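The listed protein sequences correspond, in order, to chains Z and R. To get my numbering, take the position in the first sequence, counting from 1, and add 6. To get my numbering, take the position in the second sequence, counting from 1, and add 49.
Since the hints were made in silico from the structure, they are not lab data. Check before you lean on any hint, since a few could be wrong.
[What the hints assert, rightly or not] With a straight-line cut-off of 25 Å between C-alpha atoms, the simulated DSS-like cross-links for lysine-lysine are:
(1) R:Lys104 x R:Lys157
(2) R:Lys166 x Z:Lys212
(3) Z:Lys212 x R:Lys210
(4) Z:Lys104 x Z:Lys87
(5) R:Lys207 x R:Lys192
(6) R:Lys166 x R:Lys210
(7) R:Lys157 x R:Lys130
(8) Z:Lys212 x R:Lys104
(9) R:Lys194 x R:Lys210
(10) Z:Lys172 x Z:Lys212
(11) Z:Lys212 x Z:Lys64
(12) Z:Lys172 x Z:Lys66
(13) R:Lys130 x Z:Lys212
(14) R:Lys104 x R:Lys192
(15) R:Lys130 x R:Lys104
(16) R:Lys207 x Z:Lys212
(17) Z:Lys212 x R:Lys194
(18) R:Lys157 x Z:Lys212
(19) Z:Lys104 x Z:Lys159
[To be verified] Examples of chain Z residues toward chain R, derived with CB under 10 Å:
(20) His8
(21) Phe18
(22) Trp22
(23) Trp26
(24) Glu91
(25) Asp93
(26) Lys218
(27) Leu219
(28) Val220
(29) Gly221
(30) Ala222
(31) Val227
All figures in this text were calculated on a predicted structure; none of them were measured in a lab. By construction, the Cβ of each residue, glycine as well, lies at the ideal position given by its N, Cα and C atoms.
Now for the letters of each chain:
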Amino acid sequence: MHRLWNRIDFAFSSAWQNFWRNAAVSVASVLIVWVVLLALGSLLLVLHSLDQIVALEKTKASAISVYLADTTPLSSAMDFKLHLENDPRVTNVIYVSKDQAMARFRQLPALDPSVIDTLGTNPLPASLDVTVRDIRDLAAIDQEVRTSPLVDKSPATNYEPNVIDKIILLARVAGIAGLVLIIGLTGLSVFIIMLTIRTAIYLRRKEIEVMKLVGATDWFVRWPFIVEGLIVGVVGAAVAVLIVGFGYRPAVINLQSVLIFIPLAFDPAYLRVVLAAMLVFGLLLGSVGSYLGVRRFLKQ
Amino acid sequence: MPATTTTQPTRTTLPERTRVASVTEAGPQIHLEHVEKTYPNGTFALRDVTLEIPKQDFVFLVGPSGAGKSTLVRLLIREEKATSGTIRVEGQDLSRLKRRHLPYLRRKIGMVFQDFKLLPNLTVFQNVAFALRVTEGALRHLKPKVEEVLSIVGLEGKETKFPDQLSGGEQQRVAIARALVHDPLIFLADEPTGNLDPATSWEIIQLLLQINARGTTVMMATHNREIVDVMRRRVVAIEGGQIVRDEDAGGYHAPALESH
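Chain R on its own, in the form it takes in the complex (with noise of 0.2 Å):
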């Protein structure tokens, strides 16, 4: 076992800014308890892991591969479920939650990938209007809303092109824009710059902090050291399947002597 096991995480700066944020709410946005999650072949992926998350919180979530990032995010869209604890989303307790209800969380959060997940057979306009014509958007207010979210990534212009035509930033910005057209309260990017080149990662960057300064919560998964680093924004460090850090202005990694 390794030794930050042993130490519970704590929120060493600005606690104040945490309160003040849920202040209005009845409590934090996203909030876990002591969550656990097991696959079935026996491996541990998540080890009691609690996190509270207030809206329009901007959080880095950093660790190695295979730490449980990406289960982290898996559950907090219902994709897996937790083998105990709770995770409450918008106030809703994940586990309660029914299956058909679920398409509705879904909506609430936007979610973007390393890997974009774009249809390669539709155009720009087309993948983004997707999200939107399969979840029964009324087909009058389709156009007005993508142009909008398009406008909103930097993409005018491209609505016709297909994503094989546009480059891999270009693409993510697709992804994104489709992310966006349900207004989503939350907003989760796992590893949304894996793929790109550092200039293009920090427009990427620039983007979800515009989200985020519009009102949405973001949560980012990401290995990017670098943006991390600068950024000086909340880090949530996971290693081994547990959260070993949880900072306000963090770096990627543990300061070595300012903690103490």
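Bound conformation, chain Z alone (with noise of 0.2 Å):
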């Protein structure tokens, strides 16, 4: 017990002082640390956010609204609508009244219903909103209603064939632009731990050589300078998962007000995991950083 503490008390003082000692190199260590560590963190919400996107968009792809222009009486739009329902490509056709577009418009996220009632009419349509049998056939389908005088033209429906293929290509992208850069950073970060602890290790030089000297252990005399690879880490970790932490609800508020008709929810499980990987990526960095730094000045 008496051996293990006074080997944790020594690392980590000879750590601490090893890092203030050299605070210029350390605190860009941990600024690096935490650039990387916020580009992970973002990047993987990011790419979640845009996976919510395309599972919701998938689940709505099998269905259009024909949107109904305001002149239509209801009993056109009855006809319409048997009309649809006994075509066979269709398995089912909702009829959604002005004022049910309007109920289900309040119930988006983040919009202020009082700036809703400030337009004193309903602007929404009327919508028939037809489910297919299958996906293939929505085209065909859409080209159809859209020569009925029945539909709005402004826009007539909510078909848009490329929306998922585009938002999946948006997640590739940036999936690939994200690693490349924090595969680079990765690297970067690793190199300034290492130099890092390469200088503390030179400013220590004549306290290692005497450690060896009296018959310290290879592993005691690495230890403080892995311990300091891991402060590292570990401080450039926290910032970044505190901002990340308390900026992903902030930020997913704004953008659903900005972009309301896409659906991004807050997610704090998915959040927590996040946080989680960053700490741990952060700990080797560190960790790896420090262990190539001690390597090759401790073989001899």
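Both chains are given apart, each in its own frame, so use the hints to dock them into the complex.
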């Protein structure tokens, strides 16, 4: 127990001294770790949001809303509904009145209801929500309904065949670009931590000489420097974790108010995973960097 | 080639003493056999060195600068590895000693240098305690042990001083105290009086004699002719990387006529 405590105490107090003795270099390595982890955390959350959107869009993919002109009488709308229901490609048609459309609209997250009330009249059209058996028939049905005089012209339907592909492409590009950036920054941060540790070793060369002379084990000599690397990793990670942890929710809320129709949601469970991953990655950067810093020097 | 390389070094006097000392042991405490050391740049540091040092011996290692004294000392703590030949310390073959076992060898060997190698930012007490701390000595026994070795070297009352507040002799005493905390079986001193005035040098020698009297083998590499001549202890002379003389109760220079 005593020996273990001595070992831990020595490693931590030496590491702490090292950290402040070359404060400028230490701060630089903390900063680079911070940048890497901020990039990592942000990327994971952005990709997750895009995934959420893709998942939601996919569930909506087999349906289109056919918007009806405000001048369409209810009876004509019901005839049109019946006409669509008789189409063998269609499984289901639901009539959504202007009031129902407004009620749905009010339920969108992050939308201030008082803003809608100031409009006075209801600008939303009534619609027929058409669900098809096979997604591939959507385009044909979209073309057909557009020719009907009952249908609103601006826009006629919410059919956007490429939206999912576009989001998936966006997610892929963002993922690859982010990954390349993070790999580059990871290499850079490991290198800078390594230099930090080399500097610390250089500043302690006399002590290390004496330690080896009086019979300290290699690991006893190494531990303070490994711990210093871990401190760099943890401090950098902690700052990044705080920023991402507290920044994610406001960011989602802000984006929701700008992108009203994009279903973006705050996901606390996923956030916890991301924060844990950031912390682990920070520790990893610190330990790999300091291991590389320590390895060559103490080989002899 | 110098003429001396052709003659075998011989113990000229008192060979019995060696035998008596080794009776209880399996072999000599330090044993070098045909040791060669060549540096990577091709220079010979030691050639065919064979040397036995029994327990509790007191040996002066003499010879001109660059003769190989420091190399020999570095080989004994395995700061360097021999190019060929065998070195045994405490029965351990140093060429086969695993790196992870090396620290435990070092704890059996106390070592001091001309330049003391004290840590300037630590006090006398801390400098000595450092050697125990970094070798994971039990912290409970740290204070009494440090006090014990500081009293051996006569530095009671100086515990809180920093090295730059001490004289050269006092600094060397701190280094000696540090080398003693592990109760070493062997004490190696590489030019310990090289930076000290004659009076202080004598004090250091007295201290080494005391340590030797407590049962520790002492080997001291030195240039100090006066000390070697007065002490009349075993002298091992090295020149050009070879042992050219090994006598009990020897002097700094080879005896001119007495040997015949």
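Verification of the hints:
1. R:Lys104 x R:Lys157: holds, 13 Å
2. R:Lys166 x Z:Lys212: The hint holds at about 8 Å.
3. Z:Lys212 x R:Lys210: holds, 19 Å
4. Z:Lys104 x Z:Lys87: holds, 16 Å
5. R:Lys207 x R:Lys192: holds, 14 Å
6. R:Lys166 x R:Lys210: Holds, at roughly 16 Å.
7. R:Lys157 x R:Lys130: holds, 18 Å
8. Z:Lys212 x R:Lys104: violated, 32 Å
9. R:Lys194 x R:Lys210: Distance ~18 Å between Lys194 of chain R and Lys210 of chain R Cα, so the pair holds.
10. Z:Lys172 x Z:Lys212: Given that 25 Å is the threshold and the Cα spacing comes to 61 Å, the pair is violated.
11. Z:Lys212 x Z:Lys64: violated, 65 Å
12. Z:Lys172 x Z:Lys66: Holds, at about 15 Å.
13. R:Lys130 x Z:Lys212: Roughly 22 Å separates the two Cα atoms, so the pair holds.
14. R:Lys104 x R:Lys192: With Cα atoms ~29 Å apart, Lys104 of chain R and Lys192 of chain R exceed 25 Å; violated.
15. R:Lys130 x R:Lys104: holds, 23 Å
16. R:Lys207 x Z:Lys212: holds, 22 Å
17. Z:Lys212 x R:Lys194: Answer holds: Lys212 of chain Z to Lys194 of chain R is near 24 Å, not above 25 Å.
18. R:Lys157 x Z:Lys212: holds, 21 Å
19. Z:Lys104 x Z:Lys159: Holds - the C-alpha atoms of Lys159 of chain Z and Lys104 of chain Z are around 16 Å apart, at most 25 Å.
20. His8: holds, 5 Å
21. Phe18: violated, 13 Å
22. Trp22: violated, 15 Å
23. Trp26: Trp26 of chain Z check fails; min Cβ-Cβ to chain R is 14 Å, beyond 10 Å.
24. Glu91: Hint violated; Glu91 of chain Z Cβ to chain R Cβ min 82 Å, cut 10 Å.
25. Asp93: violated, 81 Å
26. Lys218: holds, 7 Å
27. Leu219: It holds, given that the least Cβ distance between Leu219 of chain Z and chain R is near 6 Å, below 10 Å.
28. Val220: holds, 4 Å
29. Gly221: holds, 4 Å
30. Ala222: holds, 4 Å
31. Val227: holds, 8 Å
In summary, the numbered hints that this structure violates are 8, 10, 11, 14, 21, 22, 23, 24, 25.
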